[in-house]
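Single-letter residue listing:
Protein chains: 2
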Amino acid sequence: MTPFFDIAFRDTLTRLIHWRRDVRAFRKDPVPDDILRRCLELAHHAPSVGYSQPWRFIRVQDPERMERVIASFERANAEALAMTADEDKGLYARLKLEGLQDAPVQLAVFCDEKTRKGRGLGALTMPETRAYSVVCAIHTLWLTLRSHGLGMGWVSILEPEEVAKACDAPDNWRFIAWLCIGWPEKEESPVPELEKAGWESRLPFDEVWKTL
Amino acid sequence: MTPFFDIAFRDTLTRLIHWRRDVRAFRKDPVPDDILRRCLELAHHAPSVGYSQPWRFIRVQDPERMERVIASFERANAEALAMTADEDKGLYARLKLEGLQDAPVQLAVFCDEKTRKGRGLGALTMPETRAYSVVCAIHTLWLTLRSHGLGMGWVSILEPEEVAKACDAPDNWRFIAWLCIGWPEKEESPVPELEKAGWESRLPFDEVWKTL
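Order-wise, the sequence lines are chains A and B.
If you count the first sequence from 1, position 126 lands on 126 in my numbering, and the numbers rise without skipping.
If you count the second sequence from 1, position 26 lands on 1026 in my numbering, and the numbers rise without skipping.
Some hints here could point you the wrong way.
As the list claims (entries may be wrong) - In silico DSSO-like pairs for lysine-lysine, Cα to Cα no more than 30 Å straight-line: (1) A:117 to B:1210; (2) A:96 to A:210; (3) B:1117 to A:89; (4) B:1186 to B:1089; (5) B:1196 to A:117; (6) A:96 to B:1117; (7) A:114 to B:1117; (8) A:196 to A:28; (9) A:28 to A:165.
Claimed, not checked - A short list of chain A residues far from chain B (calculated; beta carbon distances all over 12 Å): (10) 15; (11) 28; (12) 41; (13) 162; (14) 172; (15) 194.
It should be emphasised that the hints constitute simulated quantities derived from the structure, not laboratory data.
Glycine residues also receive a C-beta, built at the ideal position from the N, C-alpha and C atoms.
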């Protein structure tokens, strides 16, 4: 019963990984609930330290909560622009960095740092692995959404405490990511937006890898 | 030219996600270099904050370095066993938690916290997103290895500073994960080892998800 993964599947998986993008421009069309749920259920099958499953997803629809999050982005982004080197400021200001106002699905993702699930296994010397487990769930969500033609963007230009308050998150929940999800407005591309915009280029593979 | 992902691909991707496992028992057979490299090149296409690509992979083959890492695991694991509740100690001690001595490929993964790539974009209020980017690369590696029939195990029962020293990691590199990679010894299963062993069970999906 063990599934076999053939060359055709691996080729398509390669294309999925190459064509996954951080999407910032979305059409307004709704995302079917069943697709969103199916992708989140797959995210729930991500690896987690000690099988702790510490990911907590909140879909935010309430307009007042969204306003607080958008205001947080605007403050954090103004601060980031101010900190950007003078010669980069013009380009930075032109980048579209989020789909907070466009994407039909807005998700806040937290890590339950005090979950008893997993009984602490694997997290004693490296408690940060709980947050890393949540990131594995987020990346699973990203790939599965893309396999349905949906785009996702990860917004990190936010004040974590302010977002946690806007979501009434318990004290033991760490804010990990804000995700904007919807149908991409622009043509798809295997080239990251920040590369197209001239902000950054891909590192040669041999610079990230060595043997000792 | 945009790739289209059909139902057959999505079904197989679902099986890949369900059957990915944290593998701790490996056959000694070598892993072909070209497969390992292809999977790492796909990991290098993971999302990263500001396109910073902060992942750094070191394949450790030197026996003295491996001995230091294994000794670190043994200390951290003894400490973890001591901290485990009395009623769980017997089960904890019986769990096989790593393939440090078996797996033919041993990888240390770091995050370059001071990389200039990405010019800091997206990481001002949440610098931890650099480490999260590395985790996205690790999870990409996990899924692609599995699509070749290879298994991977993530070891976190380690002392991060000791592993960094064993790998001569620069001061600005943060240790993220130790990965054991090889051909799984045991039969594959969609059920996590820790569930089979009676350590933990899957949370109902509706406990990790809500709308506000």
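Worksheet item: Are the Cα atoms of residue 1186 of chain B and residue 1089 of chain B separated by 30 Å or less?
Response: It holds: about 24 Å lies between the C-alpha atoms, which stays within 30 Å.
Item to complete: Could you grab the alpha-carbon distance between residue 1196 of chain B and residue 117 of chain A and see if it respects the 30 Å cut-off?
Response: holds (15 Å)
Worksheet entry | Hinted pair residue 1117 of chain B and residue 89 of chain A, Cα distance within 30 Å | Between residue 1117 of chain B and residue 89 of chain A the Cα gap is close to 16 Å, so the pair holds against 30 Å.
Discussion item. Between the alpha carbons of residue 96 of chain A and residue 210 of chain A, is the straight-line distance 30 Å or under?
Written reply: violated (35 Å)
Worksheet entry | Reported absence of residue 28 of chain A from the contact zone with chain B (all CB gaps over 12 Å) | Given a closest Cβ separation of 19 Å, the condition holds.
Item to complete: May I ask you to check that residue 41 of chain A keeps its beta-carbon over 12 Å from the closest beta-carbon of chain B?
Response: violated (6 Å)
Discussion item. Check whether the Cα positions of residue 114 of chain A and residue 1117 of chain B lie no farther apart than 30 Å.
Written reply: violated (34 Å)
Worksheet item: Regarding the pair residue 96 of chain A and residue 1117 of chain B, is the alpha-carbon distance no greater than 30 Å?
Response: holds (19 Å)
Fill in: Check on residue 194 of chain A being off the interface with chain B, judged by Cβ distance over 12 Å
Violated, since 4 Å does not exceed 12 Å.
Worksheet entry | Beyond 12 Å from every chain B Cβ - status for residue 15 of chain A | About 4 Å separates residue 15 of chain A from the closest Cβ of chain B, which leaves it inside 12 Å; violated.
Fill in: Beyond 12 Å from every chain B Cβ - status for residue 172 of chain A
holds (15 Å)
Worksheet item: Taking 30 Å as the top limit, are the C-alpha atoms of residue 28 of chain A and residue 165 of chain A close enough?
Response: holds (27 Å)
Hint violations for this structure: numbers 2, 7, 10, 12, 13, 15, all remaining hints satisfied.
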